[in-house]
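6 protein chains.
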Amino acid sequence: MGSGSGRGSLLVVSAHAGDFVWRAGGAIALAAERGDRATVVCLSFGERGESAKAWREGRTLDEIKEIRRAEAQNAAAALGAEVRFLDAGDYPLVESHELVDRLVRIYRELTPTVVLTHTLADPYNGDHPAAARMALQARVLAQAIGYDAPGEPLGAPPVFFFEPHQPEQCDFRPDVLLDITSVFDRKRKAMECLPAQQHMWDYYTDLAKRRGVQLKRNAGPNLGLPHSTMGEAFVRLYPQVTGELA
Amino acid sequence: MGSGSGRGSLLVVSAHAGDFVWRAGGAIALAAERGDRATVVCLSFGERGESAKAWREGRTLDEIKEIRRAEAQNAAAALGAEVRFLDAGDYPLVESHELVDRLVRIYRELTPTVVLTHTLADPYNGDHPAAARMALQARVLAQAIGYDAPGEPLGAPPVFFFEPHQPEQCDFRPDVLLDITSVFDRKRKAMECLPAQQHMWDYYTDLAKRRGVQLKRNAGPNLGLPHSTMGEAFVRLYPQVTGELA
Amino acid sequence: MGSGSGRGSLLVVSAHAGDFVWRAGGAIALAAERGDRATVVCLSFGERGESAKAWREGRTLDEIKEIRRAEAQNAAAALGAEVRFLDAGDYPLVESHELVDRLVRIYRELTPTVVLTHTLADPYNGDHPAAARMALQARVLAQAIGYDAPGEPLGAPPVFFFEPHQPEQCDFRPDVLLDITSVFDRKRKAMECLPAQQHMWDYYTDLAKRRGVQLKRNAGPNLGLPHSTMGEAFVRLYPQVTGELA
Amino acid sequence: MGSGSGRGSLLVVSAHAGDFVWRAGGAIALAAERGDRATVVCLSFGERGESAKAWREGRTLDEIKEIRRAEAQNAAAALGAEVRFLDAGDYPLVESHELVDRLVRIYRELTPTVVLTHTLADPYNGDHPAAARMALQARVLAQAIGYDAPGEPLGAPPVFFFEPHQPEQCDFRPDVLLDITSVFDRKRKAMECLPAQQHMWDYYTDLAKRRGVQLKRNAGPNLGLPHSTMGEAFVRLYPQVTGELA
Amino acid sequence: MGSGSGRGSLLVVSAHAGDFVWRAGGAIALAAERGDRATVVCLSFGERGESAKAWREGRTLDEIKEIRRAEAQNAAAALGAEVRFLDAGDYPLVESHELVDRLVRIYRELTPTVVLTHTLADPYNGDHPAAARMALQARVLAQAIGYDAPGEPLGAPPVFFFEPHQPEQCDFRPDVLLDITSVFDRKRKAMECLPAQQHMWDYYTDLAKRRGVQLKRNAGPNLGLPHSTMGEAFVRLYPQVTGELA
Amino acid sequence: MGSGSGRGSLLVVSAHAGDFVWRAGGAIALAAERGDRATVVCLSFGERGESAKAWREGRTLDEIKEIRRAEAQNAAAALGAEVRFLDAGDYPLVESHELVDRLVRIYRELTPTVVLTHTLADPYNGDHPAAARMALQARVLAQAIGYDAPGEPLGAPPVFFFEPHQPEQCDFRPDVLLDITSVFDRKRKAMECLPAQQHMWDYYTDLAKRRGVQLKRNAGPNLGLPHSTMGEAFVRLYPQVTGELA
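Chains as they are written, first to last, in this note's numbering: chain A, 52 to 297; chain B, 52 to 297; chain C, 52 to 297; chain D, 52 to 297; chain E, 52 to 297; chain F, 52 to 297.
So here's chain A without its partners, still in its complex pose (with noise of 0.2 Å):
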């Protein structure tokens, strides 16, 4: 029951400022492409725990919150996301009920039809978690409408998990395989805009193709999907909801 041309609003919540470009990008740009609002909150800039080369280079805090800052907006509108930043800091990310409350104003404001986050297990990475349980927490409250805070209570939008960076030891098994071949550029213009991370932008195309190959296998007949197909693998939480199977 997707939200058919330019009426959805995608929502989504990523611990550190690059995250939603390897393990989303697709999805976003095929968003803005229909026509949908598409937002990525960031919770922090990855400031301590992904900026290894900036520390090494000798920036200071701030300095690298900026350049993180440029980085993902640029992204962003290479994707044709916006992009919010609630800067909690990183390494670790704290959870607290504030951020928790911020995310449930902004679930209120944007109502989201649909979320991406982090997954649940992470044993690389704490703030991945964290992040994934915060944007659930705020979900389930914004839907109250004894919940106080500005708005109308939310509906229940579908969430995905997007793919971690060693998805078997995150229990990542993919049971949605996002068909991104139309947006593939826009995507590796995202990861262009990260600079710092340059190792990762043909480890995250080589994974798109690695989907890509798989989703071919997955896609059943008469599809007629071109060899280059590329693609990204999500995890769903809730059962779909659905007037067809297919």
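The hints are simulated quantities; they were obtained by calculation from the structure and are not laboratory data.
Heads up, some of the hints might be wrong.
A pair counts as met if it fits within one copy or between any two copies, since identical chains are not told apart.
[Unchecked claim] Here are the simulated EDC-like pairs of lysine to aspartate or glutamate, each with C-alpha atoms no more than 20 Å apart in a straight line:
hint: 1; residue 1: K260; residue 2: D226
hint: 2; residue 1: K267; residue 2: D257
hint: 3; residue 1: K260; residue 2: E295
hint: 4; residue 1: K104; residue 2: D253
hint: 5; residue 1: K260; residue 2: E219
hint: 6; residue 1: K267; residue 2: E203
hint: 7; residue 1: K104; residue 2: E122
hint: 8; residue 1: K104; residue 2: D199
Note that the structure is a prediction, hence the values are computed from the model and not measured.
Let chain A serve as the given structure and place chains B, C, D, E and F on it in line with the hints.
Using the frame of chain A, we list chains B, C, D, E and F on its own:
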């Protein structure tokens, strides 16, 4: 990536003559309503394991088979489906390469775009997993150009497991909730074609209500589903392939 | 190794004021009928998250709490149980050491022989797992002689999780089916003490029938259970200790 | 809902002649002590896979079978049970419909109220899961009035898996701990009927102690279990049906 | 507790003629390089299921077998391994006691110190789990002194599952990452011996890079692994036995 | 990729003062014997939750802490390890960013090559998972150059969970069996430094035998392990990185 209108082919592989009605009647009626071809393959009549009333009435094995055949034909007709009987025997349904080969030929003939069958675990009924294993094996064999059977190699149609009688004990964790409200009256009529299991009519009507309530809770915003929404639950075996997250 | 007659103490730890009725009303009524002490601890009134009707009617927070308190007291009385309200707030129910400590003191006071609480997973309601985590932590703390609270160290009472609204999504795989036929009328009366959730009365009556059907299918030989058997489903946290396999 | 005193019938389906002693000797002795009928069915003598000592001593296949038969009869007698040998061969124990049919007839004859068998997973010994699969299939077939075998349709007796040699590798997570203190001397005597596996006597005595310690830790308040409590661990396949949570 | 240098024996049991190259080529080349004996057993040639190109070119079954045999021999030679073909047929690979017995005799002959085979789950290819089940059953049978086959009873060599094409769908959660950097050029050469599957050459080169990146992230301190580290992933069936945690 | 001889650094993070002895004494003694540095960090003394005997004797909190400190120091010395006490309190062990930060600094100081800690699940003792969560979080934080603490960023040392008291209930499925035969006498001596828990000495000696028997069954060919092999079991959190399958 649904079949659109009227070009699909639904194949239901059922261990016994009645299973498809209780567990997938809504999905079948929806497919037929859309103009898709819908075919049910009953591997057995359920003549030994699911015809207690007839045995208590002193019927012979052949009589029971004929009763079950007629009932299943009526139920399939009520749903808009064709039904085929392989008469392979039940309790136990014995897995064999011959039976798998017959299924391969049916796959090649019908070129299904969607396949429904039993769960792979069912500690209450060994015939159900046996049917599922054969349905899955035949689907893979039918894809191989080197497999010696008439017709073209099959695509890779998605497979859904329908709901067993005691879902939690069968590791059935629904990941698709299908809205069958518009065809529920046809499912009810099909159920009423099976008079020996009258206690099941209300049981599966209640279940459809229950799955309908859950469907609404997972349906996200803006859908305006009616209070009387009816649902069927399924588990998807392979990842969903899609062009839009929803 | 049951409590025999009238020497047991049942403790139910519930996140909100209504949960214990829908999910454990039969178990509570059975305990009371046996002469066991039955105590329900409501960590909150469910004033924000489970009182949508009252909010839509324009009630204040305090009014809603009083409505929920009165309803829960009536329902508990109908079941034969005492109810206590810790008024810790809901949506979110915030975990704290103070709240756990209050629970420890209740454990030490009541010395429960059986404990019921929510499942540890519930993607629809974060308060439920929060209540369960605190109930479990307090139970362990109450067992330590070195924990500074009045009373003797607790034994190790068995813990059962009661059934959530969408059991499969909460990893709820029933391993105990409780026959509540003899007290179902009391459970129904208790449900009717909660007028704002009238749609739940039939929903949970249907569920009791469904669990009753499953109970009969698992009941083994010679039990002669009536057609109208009603059941409640539970998951056992710790291994059952017994002197006889049955 | 136990069998009370002396009206039950315990059926143990064992792949090899010795398994029932190490893994379920306590449960068998308890049943016999209560006056229940206890029957052990050994599908094979374990003549190839579990008789290394006899093979090293140069015995013939027939000699080994006779040795194993005599030992198992002595052990069963020490426990108070009857033992039957189906002599179906081991290493591998080959699953067949004939063998399952023999089991169906035994179910119909003995009308067990409790069934014990191996776990469904055992990467160290394929005969164990094969025996379990056949025991479970026969139990379901025996319940069908339409299955052609003498006797009345079986009820649905509960099934317990007994403890394998390396429990964690067999996904054996105990959910029932059985107090066998009162009959442990009989279990020890039965073990001593198997002189070729003398190193197992102490091993399984230590295991009984270990399970006894765990039993006490899970036994709840007020039980006054002695320091020397001995236990056996089991996994329950179907939900427990009960009239009281305990 | 590795084989040290040149005293080990690696046995790879592969369903089809090409599997061992893509999935375990690095492990095989490493073993050969160490001086261990390396033997690949191909249960079939993959003549029906994995030779689509040849079928489309109109080859006969016998021609296809010969093509596949030659390719596999070349690939094995490139890796430094011997290869044996049991020609048991594929699509489906039918499990039989005769085939298991042939494997037992190979185990007794080669006395492998390490065994590699397919995963036990693969919803895309039923031959893979069938091969794995037979490889595992034969390994256990070969350990029994009473099993009637030439040679001494086998020890208990560790077993590793190699990586399937869609790992997450096959419950493949890597717990061993093998550094194949030093032999990757040999693996690439072996892949190039399979010209009909040229699209796989880059696919599995990319996978080796990907597993190499993960290997470095899990490699701990002080290892100084090069940027171009290549890896293969495996799942261990039995617990690792070791004299040192590392 | 072990540490070879004398260059490694083993870090054990333990919730209470005694845990490291029962659960990892053999691993610690082996490391010390190899010349590796071995350090135990006790987050608390176990003064409330694991000192029942002292409380029953009427000791004060401070006295109990001193008793436990002395015992743990003696035990650590017997094993060849240094021990540090963070005195963070137990029952409950409260997770805090301050405590995690102290652990980060210890990681940066000691640069461990191997880390041991509790399992992430333990329904009998909430302090154990709390300790494990902090040990894991600190390990990840210590790897980030941007984390503000003295020392160089940590590598990624492998992590092993040691065996809890009721392993199956804690989802502890051993995947590493460590041969501790050569140092078992040192482990026994260390256990005997804890006189208040004398019943544990034999319990954990029996467990070491049991794990030793399993170790031999998984040890493969040609190892010639003695009858009296003693073992400790561990679960590996991250994939093993190796240059040789064995």
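Hint by hint, here is what the structure shows:
1. K260 x D226: Classified as within: same-chain Cα gap 17 Å, cross-chain 24 Å, threshold 20 Å.
2. K267 x D257: both (15 Å within a copy, 18 Å between copies)
3. K260 x E295: between (29 Å within a copy, 18 Å between copies)
4. K104 x D253: within (18 Å within a copy, 30 Å between copies)
5. K260 x E219: both (18 Å within a copy, 16 Å between copies)
6. K267 x E203: This pair counts as between: shortest inter-copy Cα distance 18 Å, intra-copy 41 Å.
7. K104 x E122: within (14 Å within a copy, 46 Å between copies)
8. K104 x D199: between (42 Å within a copy, 16 Å between copies)
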